[in-house]
Amino acid sequence: MDTKVRIVIADDHPLSRAGLRHVIESKSDFEIVAETGDGEAALESIRALKPDIAVLDVGMPKMDGLAVARAVEAESIPVQIVFLTMYREEELFRMAISAGVKGYVLKDSAATDIVNCINAITADQHYTSPELTSYLVKQTRARDAGLKRDGLAALSPTERVVLRLLADYKTSKQIGEELFITRRTVDNHRANICQKLDIHGSHALMKFALEHKSDLSD
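Each residue of the sequence shown is one higher than the one before, counting from -3 in the numbering used here.
Do not take every clue at face value.
Keeping only pairs whose Cα atoms sit at most 27 Å apart, straight-line, the calculated DSS-like set for lysine-lysine is [said to hold, decoys possible]:
(1) K166 x K46
(2) K0 x K98
(3) K46 x K169
(4) K169 x K192
(5) K166 x K103
(6) K166 x K192
(7) K46 x K103
(8) K169 x K98
(9) K58 x K98
(10) K23 x K46
(11) K46 x K0
(12) K203 x K166
(13) K192 x K209
(14) K169 x K203
(15) K166 x K209
(16) K58 x K46
(17) K0 x K58
(18) K0 x K103
(19) K192 x K203
(20) K0 x K23
Hints were generated in silico from the structure; no laboratory data involved.
Work out the full structure, taking the sequences as your base and the hints as a guide.
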């Protein structure tokens, strides 16, 4: 038996709601059972209608989307929450996930992402707008790079020299000869550098040395 996915949408901008309704209702297996312009009305609709999915704007009057999601979770209402937002802040994303939000769609790409999001959620999967996923990955990489760069201060003078020579494509044998130490000692230095910077694998160490060569200059 075919059963439509029952959806509540909440957004305080009428034009946004109209556009969202148009996109969602273009799919015959989706049905919008209510639409509201504020968080309190959205929560009341969710309580009364028990939809499968509630698509909520994060920034709404009376109750914001996060407050609605937390209320839904606290009351154990069996509905999956999708956030619509223009914000890309990682902290808001984390709070949304902690509140049980299953989908996270950027308003800029809602017209193309919302159907994919609903389909993913009905298949018991999480969904995030691809643009946001790319942004969060870049932010995480930038933060990790910053932490590793800051970790250079923890290296001893000899370890910094070893890392700089690695950036010059020197082997452990060549580094040992240049510093008048054994190859084993060079390898110990390399192991210590990896431990301090949380780097795993010789190739990863070489990549880091090349990326931060300018930071290792005397």
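Structure-based check of each hint:
1. K166 x K46: violated (66 Å)
2. K0 x K98: Satisfied, since the Cα-Cα distance of roughly 19 Å is no more than 27 Å.
3. K46 x K169: Distance ~69 Å between K46 and K169 Cα, so the pair is violated.
4. K169 x K192: holds (22 Å)
5. K166 x K103: Distance of about 50 Å is beyond 27 Å: violated.
6. K166 x K192: With a Cα-Cα distance of about 21 Å, the restraint between K166 and K192 holds, given a limit of 27 Å.
7. K46 x K103: Holds, at roughly 25 Å.
8. K169 x K98: violated (53 Å)
9. K58 x K98: holds (23 Å)
10. K23 x K46: The hint holds at about 20 Å.
11. K46 x K0: holds (13 Å)
12. K203 x K166: holds (13 Å)
13. K192 x K209: holds (17 Å)
14. K169 x K203: At roughly 19 Å apart (the allowed maximum being 27 Å), K203 and K169 satisfy the hint.
15. K166 x K209: holds (13 Å)
16. K58 x K46: Since the Cα atoms of K58 and K46 sit roughly 21 Å apart, the hinted pair holds (cutoff 27 Å).
17. K0 x K58: Measuring from Cα to Cα gives roughly 30 Å; hence the hint is violated.
18. K0 x K103: Answer holds: K0 to K103 is near 24 Å, not above 27 Å.
19. K192 x K203: It holds: about 16 Å lies between the C-alpha atoms, which stays within 27 Å.
20. K0 x K23: Given that 27 Å is the threshold and the Cα spacing comes to 10 Å, the pair holds.
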